[in-house]
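**Student:** Residues per chain, in single letters:
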Amino acid sequence: MSLVTEEKAASAASDATLLRRKADVILPILIFGCLLCVPFIARLGSESYVLSLMTRVVILATAAIALDLLIGQAGMISLGHAAYLGIGTYAVGILAAHGITNIAIIVPLALVAGVIFSFATGIIAIRSQGAYFIMITLAFGQMLFFVVTALAQYGGDDGMTLSARSDLFGIEIFKSDRSLYFVAFGFLLAMYLLLRRIVHSHFGRVLAGTRENEVRMQAIGFKPMQYRLCAYVIAGTVTALAGVLLANQANFVSPSTMTWQRSAELMFIVVLGGVGSLHGVILGAAVFLIGEEYLAQWTEHWPIVFGPLLILTVFFARNGLIALFPGSGRRL
Amino acid sequence: MSPTLAAVQLLNGIQLGLILFLIAAGLTLVFGVMDFLNLAHGVQYMIGAYLLATIAAATGSYVVGLLLALPAALLLGLALELLIFRHLYSRSHLDQVLATFGVIIFLSEAVRMIWGVSPISVDIPPALSGAIELFDGLNYPVWRIVIISSGLAVAALLYVVVGHTRLGMLIRAGSTSADMVSALGVNIKLLFRLVFGFGAMLAGFAGAIIAPLLSVEPGMGDNVLILAFVVIVVGGIGSIRGAFIAAILVGIVETLGRSIAVPLLKLMLDPAAASQSGRAVAPMLVYILMAATLAVRPAGLFPVRR
Numbered sequence: 001m002s003l004v005t006e007e008k009a010a011s012a013a014s015d016a017t018l019l020r021r022k023a024d025v026i027l028p029i030l031i032f033g034c035l036l037c038v039p040f041i042a043r044l045g046s047e048s049y050v051l052s053l054m055t056r057v058v059i060l061a062t063a064a065i066a067l068d069l070l071i072g073q074a075g076m077i078s079l080g081h082a083a084y085l086g087i088g089t090y091a092v093g094i095l096a097a098h099g100i101t102n103i104a105i106i107v108p109l110a111l112v113a114g115v116i117f118s119f120a121t122g123i124i125a126i127r128s129q130g131a132y133f134i135m136i137t138l139a140f141g142q143m144l145f146f147v148v149t150a151l152a153q154y155g156g157d158d159g160m161t162l163s164a165r166s167d168l169f170g171i172e173i174f175k176s177d178r179s180l181y182f183v184a185f186g187f188l189l190a191m192y193l194l195l196r197r198i199v200h201s202h203f204g205r206v207l208a209g210t211r212e213n214e215v216r217m218q219a220i221g222f223k224p225m226q227y228r229l230c231a232y233v234i235a236g237t238v239t240a241l242a243g244v245l246l247a248n249q250a251n252f253v254s255p256s257t258m259t260w261q262r263s264a265e266l267m268f269i270v271v272l273g274g275v276g277s278l279h280g281v282i283l284g285a286a287v288f289l290i291g292e293e294y295l296a297q298w299t300e301h302w303p304i305v306f307g308p309l310l311i312l313t314v315f316f317a318r319n320g321l322i323a324l325f326p327g328s329g330r331r332l
Numbered sequence: 333m334s335p336t337l338a339a340v341q342l343l344n345g346i347q348l349g350l351i352l353f354l355i356a357a358g359l360t361l362v363f364g365v366m367d368f369l370n371l372a373h374g375v376q377y378m379i380g381a382y383l384l385a386t387i388a389a390a391t392g393s394y395v396v397g398l399l400l401a402l403p404a405a406l407l408l409g410l411a412l413e414l415l416i417f418r419h420l421y422s423r424s425h426l427d428q429v430l431a432t433f434g435v436i437i438f439l440s441e442a443v444r445m446i447w448g449v450s451p452i453s454v455d456i457p458p459a460l461s462g463a464i465e466l467f468d469g470l471n472y473p474v475w476r477i478v479i480i481s482s483g484l485a486v487a488a489l490l491y492v493v494v495g496h497t498r499l500g501m502l503i504r505a506g507s508t509s510a511d512m513v514s515a516l517g518v519n520i521k522l523l524f525r526l527v528f529g530f531g532a533m534l535a536g537f538a539g540a541i542i543a544p545l546l547s548v549e550p551g552m553g554d555n556v557l558i559l560a561f562v563v564i565v566v567g568g569i570g571s572i573r574g575a576f577i578a579a580i581l582v583g584i585v586e587t588l589g590r591s592i593a594v595p596l597l598k599l600m601l602d603p604a605a606a607s608q609s610g611r612a613v614a615p616m617l618v619y620i621l622m623a624a625t626l627a628v629r630p631a632g633l634f635p636v637r638r
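Protein chains in written order, with the working numbering: chain A, 1 to 332; chain B, 333 to 638.
FYI, nobody ran anything at the bench for these hints, they're computed from the structure.
All residues carry an ideal CB built from backbone N, CA and C; glycine is no exception.
Do not rely on the hints blindly, as some may be mistaken.
[Said to hold, decoys possible] Covered, in the sense of this in silico footprint (three residues per stretch, anywhere, with C-beta under 8 Å from a C-beta of chain B), are these stretches of chain A:
{"hint": "1", "region": "53-63"}
{"hint": "2", "region": "304-311"}
[What the hints assert, rightly or not] Label pairs and their calculated CB-CB ranges:
{"hint": "3", "chain 1": "B", "residue 1": "Gly495", "chain 2": "A", "residue 2": "Arg216", "range": "37 to 43 Å"}
{"hint": "4", "chain 1": "A", "residue 1": "Asp158", "chain 2": "B", "residue 2": "Phe467", "range": "40 to 46 Å"}
{"hint": "5", "chain 1": "A", "residue 1": "Arg205", "chain 2": "B", "residue 2": "Pro635", "range": "29 to 35 Å"}
{"hint": "6", "chain 1": "B", "residue 1": "Leu601", "chain 2": "A", "residue 2": "Asn251", "range": "29 to 35 Å"}
{"hint": "7", "chain 1": "B", "residue 1": "Ile446", "chain 2": "A", "residue 2": "Ser201", "range": "28 to 34 Å"}
{"hint": "8", "chain 1": "A", "residue 1": "Arg20", "chain 2": "B", "residue 2": "Ala612", "range": "49 to 55 Å"}
Could you build the full structure based on these sequences and the hints that come with them?
**Tutor:** Next up, the structure:
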């Protein structure tokens, strides 16, 4: 190879890295910029409708990027992730039933509940891999689902309507839809930055190494189990906190939040956005929820269209929406 | 609880266990042989029940319903395999979960559109209705005995076919090294398709035979699917023997748990608290059983060596 072509190849390679680095910075800024504009654009149309839809997008995006830490980074395909959303919503609902609406009490309790459930189920689930892990997480999620349907005093099957949104020592911080949106947006941004930091940290690299080759990681002295459990607890806890916001958005708490179908939807959001790309997953959440909303308005039998769409996505759009953007190569 | 009631609950548990076995057997065979995780398996159980309900109502005969519903369930399984599932064998489990979830969504909604949301009831064939006295003071419904005996018959059939015939040998060999079996001149794709169709038919059979005891409704496949997953995880994926033992175990724990949890807790707690916590604890029991099994044996009770 001549010197000139070598130089050309080198500069092309560095161009590609540059492009990728740009996409990794510019695209997230663009996405969060758009999300930040939502409340101002919403005023032009039916404000509360747009805000409630977009608040759901932001909250479920938070749950989905947490799931992506597991699927994309650690290769742990959890099919019980909605259980953690449920833990957060029931923290709000159960405390509200006892007259406690202070977010300063709800959030720590949701956090603790999230840590306890993810640790207790994780310690059993992480020992298994592949299909076993999928089925075990599914079973644990269902376990929690059946428990809350049996809680007759907290609404049982029917769930319960919240009389008021959470407050902070009596200050009604969630009073307007707009302030709730901004809090949910801030939480998504914070969790995005946190998870992004985790992915690029030493911890994240070990996690990815464990996904690639567990034996090799063990051989060079890491204990993959501890890393996997830790990731599992982080993902569960972040999602439990998102659940607190979800209860406030819906003003309603019911077992339907934690059905396994909901877990599969979260998984679909991750795949739709692009496995392993956190900002891609946010995009996936937006497209999924807005698309679902459109389909539902179009026909009451929307699942008859949605099912085949899902299958086609799996068949033909393997790399997710993120692959549509130049430079956004899948990290996997 | 009186001994008679306990015996009835035990028999009911075995009966549920055998239904779970019929579903789990197909699920675990397909997973063991093709490494294919099929969430839509529960839908095949639901469709079996709907097909039977419709044909039995139209012809007035349960037997005709069963005779027609079984091949229909088989054909549906083969059609799904041909259209969708065969493209997923080489894909990741993640893709398999999502695509089969799409199949569930589609078929569940199709069932709602065709049959509506209200439950359909199916009559027990008159000759097999009523109860017989098993022993002194214990009357047991004939239909449940029919379910138990047909479940046992299928288990025996599977045991012989998979364990002791040339076909079974090829299936077992195909599950460990498909390429080698194929190189020996066996049409492995046809073999896989056969296993798949048979598994779908077993799930359809389970739905058809349980239909007179339950109301046939959309979503009936979902809960059963999760229990079937618990069964194959506890039994060890790919093992028919494991699925059989785990299914009976799960069936008994599930049934007895619901009747024993409250009285048992009443010994320790006051009645109101006992019935409250009993209702919450009972549905957890099978999952606790699963967790306990996996804590001791991470690959299930009868892991299949690969």
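**Student:** A separate judgement is required for each hint: does it hold in the structure or not?
**Tutor:** Verification of the supplied hints:
{"no.": "1", "hint": "53-63", "in the structure": "violated (count 0)"}
{"no.": "2", "hint": "304-311", "in the structure": "holds (count 7)"}
{"no.": "3", "hint": "Gly495/B with Arg216/A: 37 to 43 Å", "in the structure": "holds (38 Å)"}
{"no.": "4", "hint": "Asp158/A with Phe467/B: 40 to 46 Å", "in the structure": "holds (43 Å)"}
{"no.": "5", "hint": "Arg205/A with Pro635/B: 29 to 35 Å", "in the structure": "holds (32 Å)"}
{"no.": "6", "hint": "Leu601/B with Asn251/A: 29 to 35 Å", "in the structure": "holds (34 Å)"}
{"no.": "7", "hint": "Ile446/B with Ser201/A: 28 to 34 Å", "in the structure": "violated (53 Å)"}
{"no.": "8", "hint": "Arg20/A with Ala612/B: 49 to 55 Å", "in the structure": "holds (50 Å)"}
Consistency note: the structure conflicts with the earlier hints numbered 1, 7.
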